[in-house]
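Chains as they are written, first to last, in the working numbering: chain A, 11 to 128; chain B, 11 to 128.
Don't read these hints as lab results, they were simulated from the structure. Hints may contain errors.
Sample of chain A residues with no beta-carbon within 12 angstroms of chain B, all distances over it, derived [stated by the list, open to error]: (1) F49; (2) V96; (3) V112.
Think about it this way: if two alpha-carbon atoms lie no more than 25 angstroms apart in a straight line, the pair counts; the simulated SDA-like pairs of lysine to any residue are [what the hints assert, rightly or not]: (4) K44(A) with V111(A); (5) K44(A) with T69(B); (6) K44(B) with T34(A); (7) K44(A) with G80(B); (8) K44(B) with N36(A); (9) K44(B) with L64(A); (10) K44(A) with L64(B); (11) K44(B) with S65(A); (12) K44(A) with T34(B); (13) K44(B) with G82(A); (14) K44(B) with V111(A).
Every residue gets a Cβ at the ideal spot worked out from N, C-alpha and C, and that includes glycine.
There are 2 protein chains.
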Amino acid sequence: MDVVDLADKLSLFTQHWSPKRVATLNDYEIKVVKIQGEFVWHTHDDTDELFLVLSGTLTIQLRDGDVVLGPGQLYVVPRGVEHCPVAQDEVHAVLIEPRGVVNTGSAGGPLTAVVEAL
Amino acid sequence: MDVVDLADKLSLFTQHWSPKRVATLNDYEIKVVKIQGEFVWHTHDDTDELFLVLSGTLTIQLRDGDVVLGPGQLYVVPRGVEHCPVAQDEVHAVLIEPRGVVNTGSAGGPLTAVVEAL
């Protein structure tokens with residue numbers, strides 16, 4: 011496995027809401043993602059999900075309030091907790107969760123992405 | 011769980027080679043660590059180990075060559091691969107691995123740390 015430069019990886023694509031795998035850690039995937047606009051409300055019943063913001067400001071809407079993340083800040087959405095990320099301006103972030111987790115969780119729909127490796 | 015600001019967490023301690031848990035992701039621990047000097051050669055037989063550098067330059071010595079990481083770069087040491095981190099000047103980094111992994115792996119010795127939560 012090679013050194014992963016997160017900024018370099020993020021320079022290789024432009025799509026929003028389409029996480030790209032940049033490394034694996036046992037059965038977990040380390041992904042980078044570009045976020046802008048509002049996602050869909052969804053839940054991952056079987057796993058926590060880690061968001062680490064590299065640039066921009068990410069709001070993770072929860073049913074009982076918003077979590078706001080800036081660069082160098084992370085938050086773990088607990089399993090079973092409904093959430094909906096939103097960002098007015100583009101955010102670059104790292105996502106970490108087990109291999110095979112679907113980005114839209116229980117919600118499905120057009121924003122459901124196939125995770126490719128970069 | 012609250013928002014975790016990595017720089018804030020790193021400002022709370024000064025010890026080198028003493029990872030502090032700042033979040034959990036299922037059965038994984040997200041830790042911050044300050045690194046300076048040379049660690050011990052060791053192996054984790056049962057797990058990969060992720061290093062993400064936030065500041066400074068970290069060299070991960072492997073038996074078949076060095077991996078050099080700067081800010082925003084990560085590397086996953088595969089399970090079973092002997093390694094020895096070293097840094098001339100202080101490095102701030104994130105470590106991710108399953109709960110309960112001992113920092114000195116199979117080597118043990120005086121640098122073995124108990125992971126506390128911050």
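Verify this label for me: F49(A) is non-interface relative to chain B, using a Cβ-Cβ cutoff of 12 angstroms. It holds; F49(A) is separated from chain B by about 19 angstroms at its closest Cβ, greater than 12 angstroms.
Hey, K44(A) versus G80(B), does the alpha-carbon distance stay inside 25 angstroms? 22 angstroms, holds
Hinted pair, alpha-carbon criterion (25 angstroms max): K44(A), T34(B). Please report holds or violated. Roughly 24 angstroms between the alpha carbons, so the hint for K44(A) and T34(B) holds.
Hint check: K44(B) vs N36(A), CA-CA at most 25 angstroms. Holds or violated? 24 angstroms, holds
Satisfaction of hint between G82(A) and K44(B), Cα-Cα up to 25 angstroms: The hint holds at about 16 angstroms.
Holds or violated: are the alpha carbons of K44(B) and T34(A) at most 25 angstroms from each other? 24 angstroms, holds
Since V96(A) was said not to touch the interface, does its Cβ keep a gap of more than 12 angstroms from each Cβ of chain B? Per Cβ check, V96(A) is outside 12 angstroms of chain B; nearest 16 angstroms; holds.
Given pair status - S65(A), K44(B), alpha carbons within 25 angstroms: 23 angstroms, holds
Does V112(A) clear chain B by more than 12 angstroms, comparing its Cβ with all Cβ atoms of that chain? 16 angstroms, holds
Keeping to a limit of 25 angstroms between CA atoms, is the pair of K44(B) and V111(A) held or broken? It is violated: about 32 angstroms lies between the C-alpha atoms, which goes past 25 angstroms.
Checking one constraint from the list: CA of K44(A) to CA of T69(B), max 25 angstroms. Satisfied? With Cα atoms ~29 angstroms apart, K44(A) and T69(B) exceed 25 angstroms; violated.
Can the restraint linking K44(A) and V111(A) be considered satisfied, given a maximum Cα separation of 25 angstroms? 17 angstroms, holds
The earlier numbered hints that this structure contradicts are 5 and 14.
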